[in-house]
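Asks: Produce the entire structure from the sequences given, and follow the hints as far as they go.
2 protein chains.
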Amino acid sequence: MAEPLFRRLALLGIGLIGSSVARIAKERGDIAAEVVANARTPATLERVRQLGIADRVEADPAAAVAGADCVMLCAPVGAFAALAEAIAPHLAPGAILTDVGSTKQSVIRDVGPLVPAGVHFVPAHPLAGTEYSGPDAGFTTLFENRWCLLTPPPGTDEDAVEKIAELWRRCGAMVETMEPAHHDRVLAIVSHLPHLIAFTICGTADDLEDESRQEVLQFAATGFRDFTRIAASDPVMWRDVFLNNREALLEMLARFMEDAQAMARAVRWGDAAYIEDKIMRGRRIRRSLIELKQA
Amino acid sequence: MAEPLFRRLALLGIGLIGSSVARIAKERGDIAAEVVANARTPATLERVRQLGIADRVEADPAAAVAGADCVMLCAPVGAFAALAEAIAPHLAPGAILTDVGSTKQSVIRDVGPLVPAGVHFVPAHPLAGTEYSGPDAGFTTLFENRWCLLTPPPGTDEDAVEKIAELWRRCGAMVETMEPAHHDRVLAIVSHLPHLIAFTICGTADDLEDESRQEVLQFAATGFRDFTRIAASDPVMWRDVFLNNREALLEMLARFMEDAQAMARAVRWGDAAYIEDKIMRGRRIRRSLIELKQA
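From first to last, the protein sequence lines stand for chains A and B.
Oh and the first sequence: position 273 is 273 in my numbering, straight run, nothing missing.
Oh and the second sequence: position 103 is 1103 in my numbering, straight run, nothing missing.
These aren't lab readings, by the way, just hints derived from the structure by calculation.
Bear in mind that the values here come from a model prediction, so they are computed numbers and not experimental data.
Beta carbons: idealized from backbone N, C-alpha and C, even for Gly.
One or more hints might be untrue.
Computed footprint of chain A on chain B; a stretch qualifies when at least three of its residues, placed anywhere within it, have a C-beta under 8 Å from a C-beta of chain A [unchecked claim]:
#: 1; region: 1188-1194
#: 2; region: 1197-1204
#: 3; region: 1248-1259
#: 4; region: 1269-1278
#: 5; region: 1282-1288
Listed next, with one range per pair, are the computed distances between beta-carbon atoms [unchecked claim]:
#: 6; chain 1: A; residue 1: A43; chain 2: B; residue 2: E1166; range: 46 to 54 Å
#: 7; chain 1: A; residue 1: M1; chain 2: B; residue 2: R1049; range: 53 to 61 Å
#: 8; chain 1: B; residue 1: S1212; chain 2: A; residue 2: E209; range: 22 to 30 Å
#: 9; chain 1: A; residue 1: L51; chain 2: B; residue 2: E1046; range: 54 to 62 Å
Replies: Listed below in structure tokens is the structure:
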């Protein structure tokens, strides 16, 4: 077995992503010699204790990061500013501070200015998830063959970046580096907008008069059923993602709305060729995804 | 084994749905003593011959329906008017004409007036499907625990309705009767709109500048990936569905667009409570679906 990358890994937040990292660290042994878990609620901390997926649980984030050479923020991104403020004075010199947030410009904006000199800040985002949340939802194969995108600010210590890259490779992920603004744009279209749409259509269906609504549930065919799966994701996490990737999300939503209006117009005026062409493009994209083994 | 429901079942169109019915009929033996398959292209007919899923294949729809006591239209709904015109003079007295189209008002409008006296017309719609199409895509468990909705016009012979209901029950489906207009509204929200949205967002992504587009494919996370699966469905079938359920689809799309605009506004102005509430509703709907065993 390889030498552990870190002596002590502190996970601040232990939901789907954090608890998966904890499980992998425990199973492999070569990620951290010790894993400390922190969570906001006593119930989650108690559950983590029962699950036995961390070596130690700490109710206080400051206590959790003391002496850790790697600190990973795994809470919803809206909680990062307050968490960073709470832990900043307690971060060990030379430690690496990283995160798993779905929005990267906001994390750099909220956390960056609070990072003490001598602490390395390596923002990261593993592109993996399910519709389940909480410490019970994690599993050791969550990141296998998934991407993890690192968005280190210019001048970040290269050894620190490489250590976080290696952590994610040991979790099974493929690692790539990206500009934070570009990350936020790409994620807006591949993840944030699809989730916003899925939440929205569930609301649209829920607003129908009672009789139809009952039948929406009864006759949920392919299509709506798949949207509800996406829409079952964690509300606080997604609320924070939307609010923290506002510009890119609104731009992609505006583009999508224009395209949906054009489709509505084609349906109204019976433009069969236009509709067929749009459907063909969906097929082509699906085929490309399958070739890239992302589907 | 029960007596076969029909002496001869003619399937006009033998894609995902038609070839699944053919396979079930062959496997069970109590649906039809003989299955005749008709398709538009010689290639499909040849493939059906190779697969051995029909007792006989016929290139001419009129020849396919001759002597059949049950005729099922399984082509895209846009082809129904021409098909009905071609077969009407050749339908056997007392035969039942049924279909599997996703839009019911259009089918009654297009086919109804062409049905000869003495032939029973029982429109039906099995709510089942995958993103695959063609005679190879069918399988015998496609309809298991799925609904099949019958929308017989007022005055339809009750024995004929019951025979079609029994056919679908033998295919594994649960059967319910519904008003055609109500069917089209419910299907617009549970199936047609989700497909329109999925096709549209694939186009939106495909229109991004080259660099981002490449990365959309590379980093397709949960969300977009699920939409591309829906968007991989058959272009001609879906084009026809949109054009033949225009009013209900446009109404549901307009409602959805209003809701998406409201969500955009909440994101722009940071209305966290609004966003969280919408996401919670998605979760609740998902939970209801799971309780109803439709997810």
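Asks: For each hint, tell me whether it holds in the structure or not.
Replies: Hints versus structure:
Counting residues of the region 1188-1194 of chain B whose CB lies closer than 8 Å to any CB of chain A gives 6, which reaches the minimum of 3, so the coverage claim holds. Residues of the region 1197-1204 of chain B lying with their CB closer than 8 Å to a CB of chain A number 8, which satisfies the three-residue condition for coverage. Coverage of the region 1248-1259 of chain B by chain A holds [criterion: at least 3 residues with CB-CB distance below 8 Å; count 9]. Beta-carbon proximity to chain A at under 8 Å applies to 5 residues in the region 1269-1278 of chain B; the threshold of 3 is reached and the given coverage holds.
Here the region 1282-1288 of chain B counts 7 residues with a CB under 8 Å from a CB of chain A, which clears the bar of 3, and the coverage holds. Distance hint check for A43/A and E1166/B: the Cβ-Cβ separation is about 52 Å, which falls inside the suggested range of 46 to 54 Å. Checked against the given bound of 53 to 61 Å, the beta carbons of M1/A and R1049/B, roughly 59 Å apart, stay inside it. Distance hint for S1212/B and E209/A: a CB-CB separation of about 41 Å, inconsistent with the stated range 22 to 30 Å.
Between L51/A and E1046/B the beta carbons are some 57 Å apart, a value that agrees with the proposed interval 54 to 62 Å.
Of the numbered hints listed earlier, the single one contradicted by the structure is hint 8.
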